[in-house]
Structures are given as C-alpha cells and as structure tokens.
Amino acid sequence: MALKHVNAVVVGAGAGGGIVAKQLATAGLTVVLVERGKWYTAFDCRKDDLRNQRTTVLGNSFGPAEDRNPRVFVDEQGHEHLLKPSDGAYSNNAACVGGGTASYGAMAWRYMEKDFRMRSTYGTIAGSTLDDWPISYADLEPYYEKAEWEIGVSGDDANNIFRSPRRRPLPMPPLPPNREYEILKPAAQRLGLHPFDIPMLRNSVPYNGRAACMRCRWCVGFACEVDAKNGTQNTVIPTALATGNCELRTECIVKEILTDSRGRAKGVAYFDAQSRLQEQTADLVVVSGSAIESARLLLNSRSRLFPTGLGNRSDWVGRNLQGHAYTGAVGLFDFEVYDDLGPGAGIAICDFNHGNHGLNGEGLISGGMLANEFIRLPYQFVGWRAPGVPRWGRAHKEYMRQFYRRSIGVMGPVQELPMFDSRVDVDPKVKDYWGIPVVRLSGHRHPNDQVVGKFLASKAEAWLKEAGATTTWAFLPGTGLSGGQHQAGTCRMGDDPQTSVVDKYCRVHDVDNLYVVDGSVHVTNGGFNPALTIMAIAYYASDQLVKSWKGTHGAS
Amino acid sequence: MAAAAAAGPGLACSAGRAPWRFLSADEARTLAAICDQIIPPDEHPGAAWAGVVNYIDRQLCGPFRHLRDSYRTGLAAVDQSSRALYGMTFAVLDETMQLDLLRLMEQGRAPSEAWQQNSSADFFALLVDHTMQGFYGDPRHGGNRDRISWKMLGTPYPPIRGRLHYDVNKPT
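Line order of the protein sequences matches chains A and B.
For the first sequence, the tail end lands on 556 under my numbering, and the numbers increase by one without skipping.
For the second sequence, the tail end lands on 1172 under my numbering, and the numbers increase by one without skipping.
Heads up, none of these hints are tricks.
Covered by chain A, according to a simulated footprint, are these stretches of chain B (three or more residues, beta-carbon under 8 Å):
| hint | stretch |
| --- | --- |
| 1 | 1029-1043 |
| 2 | 1128-1135 |
| 3 | 1142-1156 |
Chain B is nowhere near these chain A residues, computed Cβ spacing over 12 Å in every case:
| hint | residue |
| --- | --- |
| 4 | D75 |
| 5 | P134 |
| 6 | F475 |
Taking CB as the label site, the calculated pair distances span:
| hint | chain 1 | residue 1 | chain 2 | residue 2 | range |
| --- | --- | --- | --- | --- | --- |
| 7 | A | L277 | B | P1019 | 47 to 53 Å |
| 8 | A | T124 | B | H1044 | 54 to 60 Å |
| 9 | A | A126 | B | S1119 | 35 to 41 Å |
| 10 | A | D421 | B | S1024 | 48 to 54 Å |
Hints in this document: simulated from the structure, not taken from any laboratory.
As the structure is a prediction and not an experimental result, all values here were calculated from the model.
Where a beta carbon is used, it is the ideal one built from N, C-alpha and C, also for glycine.
With the hints as extra help, turn the sequences into a complete structure.
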C-alpha cells in the first residue's frame, strides 16, 4: 500500500533537519522526518570511555552500524581503503535522532561577519575555491538569536570584543568556572587577549522544562544523562511531533530522491527498519543528512533528466568538503590544574580569528578561535605525550602518573580554505548493506591550513606558558582530507548555478522543490564549531519555505 | 555431543577448560610478559596484574575479532624471534633481553624469518595501543583491575564526576 502523501519529507533528524521539520509542522504542513539511526536514551549511551563518539577503539556508539555502512577513502598516495564507521578517515558524523547534537560538546558559535565574506577579506587564493557567501551575517543574525533562545544557550560573550553584533544577550548565564578557567583567564588578560565564557547549547539553569548541567565532564562524545545538553532530539523534534503534523520514522535508509517527468522532486525511496523498500511522496523534499551523506544522496539520485545526480549539472555536488584543521597545544604544570568539573571547556578567545600576522609581519589568511579542551579520560591522555616521552615503558607510566592532573590543552579549529578536489563522490563498485553505492572520499587540505595551524598553535603555547606551564608543545593539523563531525561545504550556497548547488535560500538551483539544509551549504566553515550556524540556517531557510508555501502542489 | 556442537566456528570463543576465550595458555603467557614491559610494575602494579591479557582476550571475541590472525601469528613470531636470538621463549627472558627484542620489533628490525606474514613494528604498535586501553580503560572492559590505573592517576571514581553508567536503568 502506498504511503500517504505529505507536504514535506525531511531526510535526516540532525541539527538542520530537526529544525526544518519543527518549523514546517508548526506552520501547518504535514511532514515526514526520516532518520537512518535510532533515538537513543541515556541508557543506550552509557559513559563508555572506549566506545563513544570520540574514542571508537571498541566501536561507534551513535551509529551508523559498523558492518552495514562502509565507505571508500582514497589517501594522498592514491591508495584506496575500505573503511568502517569507527575508522578515523571515515569522517563519521553521528547517525541518530539529534544527529551530532546528541553527543556534541555543544559550543554555540555565531560565525563572524568576515566569515561570510572570506574572498572580499582575503582575495582570490590560488588552489582554493574561497568565496563569499551569498548572504551576510546580518541576514542570519535574527536566526542565530532564534536558535539561541529556542534550543537554549548559556554563556557570556560580552567580553569578546571581536564578536559580531547581537541584539539580545544569551538566555542563560555561564556555568561557574572550573580550575583551568581560573588559571587561563588572568593569563590571557596579562597577554592583552580577550577571554570570555564560551556560549554553549547547555542548560546552566533549568530551561525549557529540563534540568541544569550537573557538571560532569562527559559531554563531548556522549549523550547527556540528565538531558541538560540541548540538541534537536530534546527540543524541536519533540515539539514537531507534538503538533500532530510530523511523523518521525527511524532506522530508515533513504536510497534516492524521486523526480517526475518534468524534473521536480516527488518524494523519496527508502528502506525501512525491516529493509523493505518504501516510497514516500511529498510536495517538498528537504535533504539534511550532513555534508557527506547529503551529497551522496543527491549523487545517487540519477535519472534520465539528471544523469549525474540532482543539482549536479555543474559538477559541484560533493566538492569543497571542509571540516576543521584542529590545532593547539598542551602545557604541563608543576601543580594540579585539573578538577573534573564539567563540561571542561569554558574559556575561549577570538583574538586570532582574523587579522593575523606571521613572524615576519606578513598577513595570514584566516584563523580560528582557541578554547580549553573538554573531556580528558585516562586513555585519551595516553597520546598527550610531551616531546621526549617514549610511547611505552617505565618512563611513559611515570609521565602519566605525574602529569595527568597537571596538564591543560588549548585547541582551536582553523578555518580551512575550500578545495575543489576535496570531495565526496559515490564509489563505482562498493555498495552498502542495502545495495546503495557508498561514499568515496578523496582530496587533501590547502597548504595554508598548516601555516595558520602553526600560527594558532604558537599562540596557544604562549597562553599556556603565561599561565605557568613549564613545558608546552604544539598539536598541528595533518595535510589529509578534512571532514569529520564539522563536515561542511559539499552543496555550496551561491547565486551562480555554475559555481554552486543551492541558492541563497538553500533551494537546489534546477529543482524548485528540493532543498539542502545542513552544513553542506556552507561556503566556508568559520573558525568555529559549526552547529549553531547550521541551526540558524535551518531557521532561516524554513522561514523562506513557509513564506513561499502556497499549499499542496498537484497532490490529489 | 556438546563437544561436537562446540567444534564449529564458535569454538575459539568457548575454549572449554582453557582459561582464555581465544588465546592459548602459551600465547597468554607471552602476551602478559610483553604487556608488563609496555606498562611495567613499579610502586603501582603493571599491565599483567591489571588484567590487560583478559581485556585483549575478551575483545578478540568482540570488536577485535578481525585482529585474531594478527595476534595468532604475531605472538608466535615473538616467540620465534626470541628463540632465534636467545634460544628461549619470550616470557622466560630476563628484562634486558625482553626490552631489546621489543625495541627491535618497534623499529621493525626483529629477526625477519619470523615476520613473513606481518610487520613486527605494526604488531608492536597494536600491542602498545591495546595495552594502554586495557590498563587505562574502564574495568568493565576486562582490564584495569581494582581501577588500579585510575587510583594511580588520582582520578576519583567514577573517573569523571557523574552517575555511574550502570546506575542508569533502562526505561520500562
């Protein structure tokens, strides 16, 4: 029996899709929200130090299933690797209700005005497809605010003199400082920097009917057991379902977007939890599967009218895959600096996001924020070895004993320069459990990411030294393909269909009822964790969708 | 009859009266000696006491299933290298000899005839990583007996404040 026709089908219940589903459902549209993963509870996501979203040595706890979802990765030497979701190069984002927001660290960054005008700021860069966004910070500002208040953000960025203008303060105060914060804050001030309380999608006080954070440090990589961390799974998705207009279907794997003879989207074909092929027709199709899977779905949706996939006439789908080149430093102290008080990260500086100069005074392209690190479980500290400390043996054990509680990490995401050949493609041979061609990842970072990474790491070292560290060393980004949980860029937003995939309202250029709403549309990815920007874009695109909605088109 | 039924593919993970799920007694002895050089006993117990062999053996019947061949051939190659160099199996070598052989492995220079199937450097890197997991990881995975590494690091229990993971009951 055919499934009942609806107004909109949204593919992916993460940061973007959850919000779109809620906005459409509250506006009165009927919505089916399709999610390939499950809806986890705190019980399902126990605080397992070796099996979580960050440490996957014993597997991957927020999906997708290890044995059903391979990807092909082509390394810089051109060798192909068949990967499981728990392999680092797989670039996994979570596959569950809430997507990455169920297990993220929950930093809530607004990108800066210059982050939307990277080409105007830095010019044309050889080897990079660096460009301006077709929208500005001012266009998104009201939607950042909506995300902050509706999903829930705590923090205080009043001392961040580099922040973009905001009309309204954050709805919740910051959590009280932990010991690292108390040590790092005066040190930054002595250096003339501008430290402030990181905005976080986390309840510092009871909010939205849920409790405040209990200050455990199991944030990033885990689901919050007291539901004080705010994602789409505990905010907008329940609201969407409560309207009665939205149905959530979990463990459903979308195979392709279906189009009619005129080239309009008419729904999706998907495998349900029992692996039966289903067709859900809809007036609108919204793809929110995150940068890698959204691109894969468009590329796998081939037909006579769209022989290379949907939105791909100019061969831009899957291009410009970006994440963040994480960089920073660790400092060792001769006194205890670690106090187990969560969420861990709490203090940041934005002094080095833009306007940076190298050792010889030369202007640098881009930058990133710096913040202290989240969780540090004992096994994670094993790899934080100071220079000269061996990997194993008596000296390594002694090092662990001496410095586990006497070390601070300061890290930050370098805003990467997009690369046309850093890309998501579909593999010509390998298929997943359902017979759908899998993702094929290839490419590498722009050399500038290393330059800026070294610069930012040197600033992190200087900050730690000023805070009293006796030894510091840098963590520098690799040269390989970026992606991971901050994946973005594969369905670029732009005014010119020749050099972008969606228009400035997230609508695919040549299919007027097909939208991509997630990090895929980012032209550039900011020197920040991208979650709040994905949410803001989802509110912004939904607003336009609802405004232009003229009722059911052509349905019986 | 039960023995006949167990003789299928599942045998390796239900090895009758042997103390281990996958490893043989000889393999476990060699592995314990290696682990105890990677994290040796000092004023705190070492990896062998902490149950790292149990951790690895348990994971070889779970997430590390695909690494069984690496362990079977790798541990045999360690003893073969040891016999070639010193005329004895690894576990009975003195500390200096054990460390010398492990450093050769680390550098990929262990006696080559023993390492036709896999690289000694790769196998050693695997052993270091798994030993660290078993020693510093949560006891629920089979190692870190008595939370010994967490006590050593001065980490409260649970290691980060919060409710114990097994205090969370499945909603009914």
